[in-house]
Structures are given as C-alpha cells and as structure tokens.
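Asks: Here's the letter readout for the chains.
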Amino acid sequence: MTLVVKQPGLLSLLHDQGRFGRASLGLTTGGPADPVAANLANRLLANEATATVVEVSFGGLQLLAEQVTQIAVTGAELSIKVDGEPRPMWTGFDLPSGSTLELGFSEIGCRTYVAVRGGFQIPESFGSTSTVVREGIGGLQGRKLEVGDRLAATPTRRVEPLWLPPSQRPRYHRRAILRIVLGYQEDDFSHLEQQRFFSGEYRVSDRCDRMGYRLDGPQIHTSRTGLLSEGIALGSVQIPADGQPIILLHDRQTIGGYPKLGVVLSQDCALLAQLRPGDAVHFRPISFEDAHNAINLAHVFESARRLESAPR
Amino acid sequence: MKLKPAGEAAVIAYLGERNSPEVSARIQALEHALSEQLGDKLRDLIPSYVSLLVCFDPLKTDHYEVADCIRSCDSSLGDVSGSAGQLIELPVYYHPEAGADLETLAEQRSLSWSDIAAIHYQQEYRVYAIGFAPGFAYLGDVDERIAAPRLSTPRKQVPRGAVAIADRQTAIYPAESPGGWNLIGRSPLRMFDADAEEPMVVSVGDRIRFRPITRDEFVAAGGDLL
Numbered sequence: 001m002t003l004v005v006k007q008p009g010l011l012s013l014l015h016d017q018g019r020f021g022r023a024s025l026g027l028t029t030g031g032p033a034d035p036v037a038a039n040l041a042n043r044l045l046a047n048e049a050t051a052t053v054v055e056v057s058f059g060g061l062q063l064l065a066e067q068v069t070q071i072a073v074t075g076a077e078l079s080i081k082v083d084g085e086p087r088p089m090w091t092g093f094d095l096p097s098g099s100t101l102e103l104g105f106s107e108i109g110c111r112t113y114v115a116v117r118g119g120f121q122i123p124e125s126f127g128s129t130s131t132v133v134r135e136g137i138g139g140l141q142g143r144k145l146e147v148g149d150r151l152a153a154t155p156t157r158r159v160e161p162l163w164l165p166p167s168q169r170p171r172y173h174r175r176a177i178l179r180i181v182l183g184y185q186e187d188d189f190s191h192l193e194q195q196r197f198f199s200g201e202y203r204v205s206d207r208c209d210r211m212g213y214r215l216d217g218p219q220i221h222t223s224r225t226g227l228l229s230e231g232i233a234l235g236s237v238q239i240p241a242d243g244q245p246i247i248l249l250h251d252r253q254t255i256g257g258y259p260k261l262g263v264v265l266s267q268d269c270a271l272l273a274q275l276r277p278g279d280a281v282h283f284r285p286i287s288f289e290d291a292h293n294a295i296n297l298a299h300v301f302e303s304a305r306r307l308e309s310a311p312r
Numbered sequence: 313m314k315l316k317p318a319g320e321a322a323v324i325a326y327l328g329e330r331n332s333p334e335v336s337a338r339i340q341a342l343e344h345a346l347s348e349q350l351g352d353k354l355r356d357l358i359p360s361y362v363s364l365l366v367c368f369d370p371l372k373t374d375h376y377e378v379a380d381c382i383r384s385c386d387s388s389l390g391d392v393s394g395s396a397g398q399l400i401e402l403p404v405y406y407h408p409e410a411g412a413d414l415e416t417l418a419e420q421r422s423l424s425w426s427d428i429a430a431i432h433y434q435q436e437y438r439v440y441a442i443g444f445a446p447g448f449a450y451l452g453d454v455d456e457r458i459a460a461p462r463l464s465t466p467r468k469q470v471p472r473g474a475v476a477i478a479d480r481q482t483a484i485y486p487a488e489s490p491g492g493w494n495l496i497g498r499s500p501l502r503m504f505d506a507d508a509e510e511p512m513v514v515s516v517g518d519r520i521r522f523r524p525i526t527r528d529e530f531v532a533a534g535g536d537l538l
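The listed protein sequences derive, respectively, from chains A and B.
One point on numbering: in my numbering, the residue at position 74 of the first sequence is 74, and numbering is uninterrupted.
One point on numbering: in my numbering, the residue at position 124 of the second sequence is 436, and numbering is uninterrupted.
In short, the hints are calculated from the structure, not lab data.
By construction, the Cβ of each residue, glycine as well, lies at the ideal position given by its N, Cα and C atoms.
Everything hinted at is true.
For each label pair, taking beta carbons as the anchor points, the in silico distance ranges come out as:
{"hint": "1", "chain 1": "B", "residue 1": "D427", "chain 2": "A", "residue 2": "T225", "range": "24 to 34 Å"}
{"hint": "2", "chain 1": "A", "residue 1": "D206", "chain 2": "B", "residue 2": "T526", "range": "44 to 54 Å"}
{"hint": "3", "chain 1": "A", "residue 1": "K6", "chain 2": "B", "residue 2": "R330", "range": "50 to 60 Å"}
{"hint": "4", "chain 1": "B", "residue 1": "R383", "chain 2": "A", "residue 2": "P311", "range": "50 to 60 Å"}
{"hint": "5", "chain 1": "A", "residue 1": "F198", "chain 2": "B", "residue 2": "Q349", "range": "28 to 38 Å"}
{"hint": "6", "chain 1": "B", "residue 1": "A379", "chain 2": "A", "residue 2": "G243", "range": "23 to 33 Å"}
{"hint": "7", "chain 1": "B", "residue 1": "Q349", "chain 2": "A", "residue 2": "D187", "range": "25 to 35 Å"}
{"hint": "8", "chain 1": "B", "residue 1": "E510", "chain 2": "A", "residue 2": "D206", "range": "38 to 48 Å"}
Produce the complete structure using the sequences and hints provided.
Replies: Now the structure itself:
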C-alpha cells in the first residue's frame with residue numbers, strides 16, 4: 001500500500017510522537033505540533049499511538065493511492081476530496097486504488113493530520129521517525145515532503161472504520177488562553193512586568209513556526225543579563241531583549257541563553273501551534289501542582305473520548 | 313544547589329553561579345545518579361554550563377518526587393573532583409589556509425598565527441554543553457589572550473570540521489552551517505555522524521585536548537580543505 005505525493009502543500013512532515021532522550025546529542029524532540037489531533041487520527045484507524053502520520057501545515061497536500069488504503073484526517077478543518085468527491089474529516093474511510101486525495105486549505109487552525117491504517121513505514125533515526133528540518137533528521141532524509149515521494153503504509157489487516165462524533169471533536173479558534181507554570185528566571189521579572197504580561201493581549205506574529213511562536217504585544221523587561229545557556233523545556237516563554245515573548249515549541253533548540261519567565265502547559269502548546277498570524281493569545285498563571293493535575297486529567301479525558309463505528 | 317520548576321514536567325537544577333570544571337563534573341555525576349534512580353520516569357536530561365534540566369513523565373512521577381530525588385542524589389555525591397571526566401584528544405590542522413580568521417586574530421593580538429594555535433592547544437578544555445545543532449559541543453574556557461567576539465556578520469557557510477572561537481568558548485563545527493565564530497583551524501574528525509553507532513565523539517563533562525597535526529596528517533585522516 002503506497003501513496004505517492006502529487007502535491008506536498010506548504011509544509012507536510014512525517015511524525016511519530018517525537019524523539020526523546022537524545023538531548024545529549026543536541027537533538028530536539030520534534031513530534032506533532034498538535035499531539036491530540038495526531039493521536040486521534042491514529043485511533044480512528046485502530047493504529048498504535050506510535051504510528052507515523054503526516055502533519056500538514058495550512059493544507060494543500062495531494063496523495064495518489066496506488067492500492068486501496070484506509071485513511072483518516074483530523075485537526076484543523078479543511079475540505080477533503082477523493083477524485084473530486086467530498087469526504088468527511090474525523091472519520092476513517094477508504095482511498096480506492098488509483099484515486100487521489102486532495103486536501104484544501106484551513107482557515108481556522110493550521111495543523112491537519114493524515115493517518116493511514118498501519119502507519120507510514122519510515123525508518124527511525126535516533127528512535128523516532130519525526131522530521132526536524134533544521135537538524136536534517138527523521139522522515140525522508142530529514143526534509144519536508146516533496147512531489148514524487150512514495151510513502152508506504154505498514155501492511156496490516158483492515159479494520160472497521162471509526163468516527164469521532166461531532167460533540168467529541170476538538171474545536172479550533174482564533175484565540176487561546178495559555179496557562180503558564182512560572183519558573184526558570186521568574187524572580188528576574190518584577191511584579192509589575194508580570195502583571196503586564198498576564199493582563200496584556202498578544203497577537204501571533206508572522207514569525208511563527210515549529211521552532212517557536214513570536215508574539216506581538218506589551219513589552220516585558222527583565223533585570224537579568226548574561227544568562228549561561230541552559231536546557232529549554234517545551235513551551236518555555238523566552239523574553240529576548242526586545243521584550244516580545246517567544247513560546248518555544250517542538251523543534252526548539254535544546255539549550256539557549258535568553259531569560260525565561262515560565263513554561264506553557266503542553267496541552268496549551270497544542271492550542272498555540274494551531275493559531276495563525278494575527279490570532280490572539282492571553283496568559284494565565286497556574287501552579288505546578290495544578291498543572292500536574294491538569295495533564296493527568298487531560299490524559300483521562302483523551303482516553304475517554306468516545307470513538308464509534310463510522311455511519312454508513 | 314537551587315531548584316526551579318521548568319513547566320508541568322521538568323525541574324531545573326542550578327549547581328553553581330559560574331561554570332568551572334568542578335561544577336561541570338558535578339553536573340555529570342548528578343546526571344548519572346538521576347538516570348539510575350529515576351529510570352523510565354525520565355524523558356530527557358539536558359546538562360549545560362551550570363544547570364541540569366530534568367524532564368520527567370508527568371503520568372509516572374511529579375515535581376515533588378523528582379526534586380527530592382535530585383536533592384538526595386546531590387547530597388550523596390559528596391565531593392566531585394574537577395579532574396573527573398574522560399580525556400579525549402581531537403586532532404586539528406592549524407594554518408591560515410584552514411582557519412580563515414587566524415591571521416586577522418594574530419594581527420589584532422600582535423602575535424603570530426602559530427602563537428594563537430599554540431595557546432589554543434596547550435591547555436585542557438571541558439565540554440560544557442551540547443546544543444544549537446546536532447553534535448555542536450561548547451568547550452571552555454579559552455585563554456583570554458585569544459578570546460574573540462563573534463563576527464559582526466556571520467558567514468553563510470562554515471565548513472564541517474572548522475575549529476572556532478567565540479568569546480571564551482571554542483568548538484568544532486559538526487556540519488556545514490552558517491556561523492559567526494572565528495575560524496582558526498580544521499579537524500578531520502566528524503563530531504556528529506547520524507549513521508555511526510556512536511554518533512558523537514564527545515559528551516558533556518568530557519575533558520578535551522587539541523593535538524596539532526600537519527597538512528599531510530589532516531589529508532590522510534580524510535580531511536578536505538575545499
């Protein structure tokens with residue numbers, strides 16, 4: 001079962017759950033920008049959670065199926081056509097032999113996930129298939145998908161396709177409230193600066209990608225100068241000299257020397273990574289105890305999301 | 313030692329204010345102790361100049377357990393000697409044809425280019441951090457006489473193996489990349505090889521010595537000056 005890339009769209013990347021435990025080599029984690037949507041794409045096809053999917057940023061991907069293939073599309077909403085006929089998102093369906101899947105472009109949210117039954121068959125590098133273009137690691141030779149790439153699905157028996165009822169689906173918006181655990185250099189940001197940060201409205205700037213989202217809004221200043229480079233956690237809120245926060249995401253460098261006020265919750269990083277330039281962001285502080293509870297609750301919530309047999 | 317939260321699933325431990333061989337050796341020892349103690353509760357450990365970022369699986373443990381574990385590991389380490397750490401020798405061909413900034417640097421310091429080279433290879437360094445790019449190791453501290461700020465305009469392409477100085481740090485570029493460090497020589501070694509069983513020659517906490525080699529030795533070891 002092989003799919004051939006007819007159009008790669010703006011940025012289509014192969015990902016499993018990410019590359020952990022390799023920071024000692026300077027390798028970042030990578031992994032899907034919205035793990036919730038990526039995981040649901042796999043669940044709709046009864047795949048392992050570790051199966052490799054394609055993350056499509058902004059849409060435009062076109063795939064030709066050489067053999068019949070079961071697929072599912074989740075994440076930011078866009079139109080799906082198979083040989084010109086519309087198909088639904090959040091539902092497993094058959095891509096007939098010789099047919100072409102065409103994704104349109106998303107308008108709200110920007111990361112869409114395409115899974116195939118069995119997952120894409122991609123050799124692991126450093127324990128993961130996730131593509132990090134900056135490092136040239138993972139996926140196909142460490143790069144984004146290009147016209148003519150051939151993507152084989154791991155041969156697996158067919159399954160009864162599932163769907164996620166509309167009430168159970170994630171929704172994407174033009175704004176997000178991001179919860180932050182204060183930490184790192186929090187003591188180097190005065191009470192007033194922190195007030196300004198948590199009461200202000202920020203907008204996603206044009207400089208946003210899988211490495212980080214730079215925001216425009218109230219400038220934040222710190223008394224800290226000359227910080228020795230240190231490990232950067234996913235979601236770190238970095239404040240460079242110009243005072244405009246940068247939220248560091250999956251393809252961030254593993255170490256860096258800019259002061260950090262705290263760290264955005266991973267589930268809120270997924271919301272942020274779905275935002276587009278111009279979308280609004282607010283911040284809210286949360287204790288690390290509450291953050292711990294939130295992540296454990298989210299885990300329970302995800303496993304309770306009810307998938308059903310696809311309506312015929 | 314100071315501990316700070318680094319989000320929902322990480323704690324950062326600061327083991328000193330300034331980097332030194334002692335602090336670096338202690339970070340490395342703490343890293344080993346934690347990976348034994350916490351096992352699969354850990355997701356990643358990121359050592360750097362004076363800190364260790366401990367990333368854990370929040371479904372298996374929490375900040376309190378991890379912080380307690382860091383404190384107890386740290387106190388059971390006792391004194392760690394700054395001379396701890398594996399010693400690794402890295403060959404370097406020092407010559408203006410291999411290091412584009414060697415002569416400029418020599419002129420600025422009123423030294424010969426071979427003086428610059430000698431000051432660079434006559435001391436021992438420590439790997440303080442690995443990051444920026446796969447396999448990019450930050451070594452310190454460079455002798456003040458040859459310390460040099462980054463170039464005001466970074467080069468679009470620095471060749472793989474370039475040996476370079478920025479402030480009091482030195483490094484060997486693991487791959488061809490843009491870069492603003494001052495180039496003083498070339499090593500035939502690949503600092504990062506994704507296909508090799510051991511992808512990196514060095515790890516954080518290792519002690520490093522540079523060994524000067526001739527042009528012929530450089531070429532014989534697979535070096536390429538183009």
